[in-house]
Amino acid sequence: MISLKNIVKKYDDKEVLKNLSVDFPEGKTTVILGPSGSGKSTLLRSLDLLVRPESGTISFSDLTLDYSEPLTKKKSFDIRKKTSMVFQNWNLFPNLTVLQNITTAPETVLKAPKKATEDQARQLLSQVGLSEYADRYPSQLSGGQQQRISICRALAMNPEYILLDEPTSALDPELETQVLLILEELSKMDQSMIIVTHNMQFARSVADKIVFVENGDILFDGTPDDFFNHPTTRIKDFLSGITFDDSQLKK
Amino acid sequence: MWHIIITSLPEMISAMLQFTIPLAIISFIFGLILAVLTALIKFIKPSENKVIRYPWLVLRAIANFYVWLFRSTPLLVQLFIIFFGLPSAGIQLSPFIAAVIGFSLNTGAYASETIRSALMSVPQDQWDAAFTLNFTTKQTLMKIVLPQAVRIALPPLSNSFIGLVKDTSLASSITILEMFQVSQQITAKNFQPLLMYSLAAFLYAVICSLLTLLQHYLERRTSKYVKGSEA
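Protein sequence lines, in the order shown, are assigned to chains F and P. Counted the way the UniProt record's numbering counts, the first sequence spans residues 1 to 251. Counted the way the UniProt record's numbering counts, the second sequence spans residues 1 to 231.
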């Protein structure tokens, strides 16, 4: 389990995470929802130290970091080893082929033998249905294909948790579905995942746990059933606000 | 006319091979090494670790001073100080060494800004992606950022190299018998300034055209991953 306690993050004087505590269970899919600018991405990035909160702690089963203390290279390495991020704009390395995008980290960071990393990469590519693209460059692929490859890239490091920061927001609906199907499959395989998304249908079908963030605070932390079927007034507003519905036009 | 060209050409080409080209190539190599180091010192943020932080800030100050100094003063004046000035401070250099030092330092200062801008052009997203995979800063630079930055830096670095080839003519002022100096000497004997200086200009253009071809070749090689490139 990942446990965040009393996380405070400020940009200049603005508090974007306000003394926030939350747990992310292992083997489960946690979906983080909330309006834009609520601090969802900042929260997710804190887990991987791409953002450094001013204070608070993060603990894994065997490792705790106090964000307010100076970060050693060893600790940063150990924490990042447990998590891998999938980005909204996938951020593949354009100068590397698809296969190299997946093998470069195991080779460079874990010093794994080339043969083993390539075998693993080819297997991951076949799982996401992109075997024949191994030697292409990312620029020759569609956004959906690139995002599927970036999921492979994250998986190749065998992290405990995959962190996904709006993985389908930059994709059209058809490409989005290709990516969501893969995430659903990973979720079924009990891969620990934390997903920030705006896709409610997907959140509903895949989440084991929902965390609703607004203004740097957690307004809801519980099951999808409670979230969607017994919402509080604010959540009801949020859910109806993002659902397109004719009746709003008439008002 | 052809007679004059044919008799003076061997002498000029020999000066070109002996001085102009070696000066340009050696100085560019040293300049490039200096430029990469300077650019990295200015580009990489100082670590939080105090043991490294302060020496790094000192290095940065030196790098900033160096770039400021060599961009703020004329190359010709720099050459004069190194060759004619330093002996008064007890440092006597051969003309060739003095020229290499001057050209390298000058090219390094300009090229360091080219390289720094190329490094800055690689999006932060690429760093984030590498960091989440647990790359160190050095690994990210070597495997991800520099290969992308090289592509961006190639055209302006080619400018610097071509500029340097032509600037080697300034070495004539510190007693080096490079191509332009030789053309002056021949002119003094045959009184054909138009012909001789045009010939010198032509030979510079030949070298620079070859460099332009080299640039195109390297651009194709480093751009093969970019959409729409033919490779």
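Hints may be right or wrong, so weigh each one.
Calculated lysine-lysine pairs in the BS3-like style (CA-CA distance at most 27 Å, straight line) [as the list claims (entries may be wrong)]:
no. : chain 1 : residue 1 : chain 2 : residue 2
1   : P       : Lys143    : F       : Lys114
2   : F       : Lys75     : F       : Lys236
3   : F       : Lys74     : P       : Lys224
4   : P       : Lys224    : F       : Lys75
5   : P       : Lys143    : F       : Lys81
6   : P       : Lys138    : F       : Lys74
Worth flagging that the hints you see were computed from the coordinates, not collected in a lab.
Here is how each hint holds up against the structure:
| no. | hint | in the structure |
| --- | --- | --- |
| 1 | P/Lys143 with F/Lys114 | holds (15 Å) |
| 2 | F/Lys75 with F/Lys236 | violated (41 Å) |
| 3 | F/Lys74 with P/Lys224 | violated (37 Å) |
| 4 | P/Lys224 with F/Lys75 | violated (38 Å) |
| 5 | P/Lys143 with F/Lys81 | holds (19 Å) |
| 6 | P/Lys138 with F/Lys74 | holds (15 Å) |
Taken one by one, the earlier hints fail for this structure at numbers 2, 3, 4, listed in ascending order.
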